[in-house]
Amino acid sequence: MRLVTYRSHIQDRARLGAIVDGLVVDLERLGAAVQVALPGDMLSFIDLGPGAVQTATVLLDEHRGRWPIGTAVPQANVRLLAPIPRPRKNIFGIGLNYVEHVEESSRSLDTSADLPKQPIIFTKPPTSVIGPSDAIEHDAKITQQLDWEVELAAVIGTRAKRIDEEDALSHVFGYSLMLDMSARDCRRAGQWIYSKGLDTYAPFGPCIVTADEIPDPQVLDLWLKVNGEIKQKSNTRHMLFNVAHLITDISAGMALEPGDIIATGTPSGVGAGRNPQEWLWPGDVVEACVEGIGTLRHPVVAV
Numbered sequence: 001m002r003l004v005t006y007r008s009h010i011q012d013r014a015r016l017g018a019i020v021d022g023l024v025v026d027l028e029r030l031g032a033a034v035q036v037a038l039p040g041d042m043l044s045f046i047d048l049g050p051g052a053v054q055t056a057t058v059l060l061d062e063h064r065g066r067w068p069i070g071t072a073v074p075q076a077n078v079r080l081l082a083p084i085p086r087p088r089k090n091i092f093g094i095g096l097n098y099v100e101h102v103e104e105s106s107r108s109l110d111t112s113a114d115l116p117k118q119p120i121i122f123t124k125p126p127t128s129v130i131g132p133s134d135a136i137e138h139d140a141k142i143t144q145q146l147d148w149e150v151e152l153a154a155v156i157g158t159r160a161k162r163i164d165e166e167d168a169l170s171h172v173f174g175y176s177l178m179l180d181m182s183a184r185d186c187r188r189a190g191q192w193i194y195s196k197g198l199d200t201y202a203p204f205g206p207c208i209v210t211a212d213e214i215p216d217p218q219v220l221d222l223w224l225k226v227n228g229e230i231k232q233k234s235n236t237r238h239m240l241f242n243v244a245h246l247i248t249d250i251s252a253g254m255a256l257e258p259g260d261i262i263a264t265g266t267p268s269g270v271g272a273g274r275n276p277q278e279w280l281w282p283g284d285v286v287e288a289c290v291e292g293i294g295t296l297r298h299p300v301v302a303v
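Counted the way the UniProt record's numbering counts, the sequence shown spans residues 1 to 303.
Treat the hints with caution; some may be incorrect.
[Unchecked claim] Calculated cross-link-like contacts (lysine to aspartate or glutamate; reagent style DMTMM-like; alpha-carbon spacing at most 25 angstroms):
1) Lys233 to Asp284
2) Lys233 to Glu166
3) Lys89 to Asp167
4) Lys161 to Asp212
5) Lys233 to Glu213
[Claimed, not checked] Simulated restraints, written as ranges between beta carbons of each label pair:
6) Asp21 to Thr295: 17 to 27 angstroms
7) Lys117 to Gly65: 29 to 39 angstroms
8) Asn275 to Asp61: 49 to 59 angstroms
9) Arg64 to Tyr194: 42 to 52 angstroms
10) Ala33 to Arg79: 18 to 28 angstroms
11) Asp12 to Glu213: 24 to 34 angstroms
12) Asp212 to Ala33: 18 to 28 angstroms
13) Gln35 to Lys89: 33 to 43 angstroms
14) Ala37 to Asn275: 50 to 60 angstroms
15) Gly65 to Ala189: 57 to 67 angstroms
16) Val219 to Lys161: 19 to 29 angstroms
17) Asp212 to Lys117: 45 to 55 angstroms
Calculated directly from the structure, the hints in this document are not laboratory data. Glycine included, every Cβ here is placed at the ideal spot set by N, Cα and C.
Produce the entire structure from the sequences given, and follow the hints as far as they go.
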């Protein structure tokens, strides 16, 4: 199931939908039409646990092609927002999680050339999240080194605390795409949160694909373009620490809760690692994709 948060009119509140055959099916309204209670927002849906996915899947299958009046609208007629427009907690970011990115970062960003022995974890605040097609802000007073990173994002579905690796993926609700935007000249004494946590620095979406449709998150192609030119191209099998390991590592000391997001790291090809280095500027367009999930496209604008 491909779940989105959408708005059909500017004045409408954000609503939960599922994409089916080019339509956005409103799950709360579909449920109400057949006297099944379903919530109208993504976090409330995730909170219900695996049973909600099963119930919604059955309803979508039963009514496919004969939707009750008022429950489905063409996707082209709605605006997609970030799947979780306002996460409850900071996003967990993972640094240096692809071998070639470790090497390029050691050349350009003064990080170690040694492969990390444990996941490198930082966070991005909820205020950094933007949805599909929203603008990425470039504030020239803050940065002259705005950089790109395409990443697979894992969304937690059930509470995970001290989880064994073989059980870790059972706690995943679904997968999405996130851009980990980075102001490379804003790292402060080795701390990354200001560099990576500025407003608009976490483009997220366009949907969450439920975990039943992606049984193995380590076989997905991902790529990123700037102004139509490929900059990053890899596959999630090249992660140093796979999704299951990341969940196990984080949950060893910090409980992961429904709706938590883990951005799992980026492959090589970032602007800082190029010779000469390349940065994003107002007027540029960043486009990124993760196989089986979808594509994000964002303009860069001056503020």
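Hints versus structure:
For a cut-off of 25 angstroms, the pair hint linking lysine 233 to aspartate 284 stands: about 19 angstroms separates their Cα positions. With a CA separation close to 28 angstroms, the supplied pair lysine 233 and glutamate 166 exceeds the 25 angstroms bound. Taking the CA atoms of lysine 89 and aspartate 167, the gap is about 23 angstroms. The hint holds against a cut of 25 angstroms. Under the criterion of a C-alpha separation no larger than 25 angstroms, the hint pairing lysine 161 with aspartate 212 is consistent with the structure, at around 22 angstroms.
Distance hint between lysine 233 and glutamate 213 is fulfilled; the C-alpha atoms sit about 22 angstroms from each other, no more than 25 angstroms. Hint check: aspartate 21 to threonine 295, Cβ distance near 19 angstroms, so the stated range 17 to 27 angstroms holds. Restraint check, lysine 117 to glycine 65: a C-beta distance of roughly 53 angstroms breaks the suggested window 29 to 39 angstroms. Evaluation of the 49 to 59 angstroms hint for asparagine 275 and aspartate 61 yields a pass: the beta carbon distance comes to about 52 angstroms.
At about 47 angstroms, the beta-carbon gap between arginine 64 and tyrosine 194 stays in the expected band of 42 to 52 angstroms. A beta carbon spacing of about 23 angstroms between alanine 33 and arginine 79 agrees with the range 18 to 28 angstroms that was offered as a hint. Under the hint 24 to 34 angstroms, the C-beta atoms of aspartate 12 and glutamate 213, about 28 angstroms apart, fit the expected range. A hinted range of 18 to 28 angstroms for the beta carbons of aspartate 212 and alanine 33 is consistent with their spacing of about 24 angstroms.
In this structure, glutamine 35 and lysine 89 meet the distance hint of 33 to 43 angstroms, their C-beta atoms being roughly 34 angstroms apart. For alanine 37 paired with asparagine 275, a C-beta distance near 57 angstroms keeps the hint of 50 to 60 angstroms intact. Separation of glycine 65 from alanine 189 is about 58 angstroms and conforms to the stated range, judged on CB atoms against 57 to 67 angstroms. Restraint check, valine 219 to lysine 161: a C-beta distance of roughly 28 angstroms satisfies the suggested window 19 to 29 angstroms.
At roughly 33 angstroms, the beta carbons of aspartate 212 and lysine 117 sit outside the given window of 45 to 55 angstroms.
The structure shown violates the earlier hints numbered 2, 7, 17.
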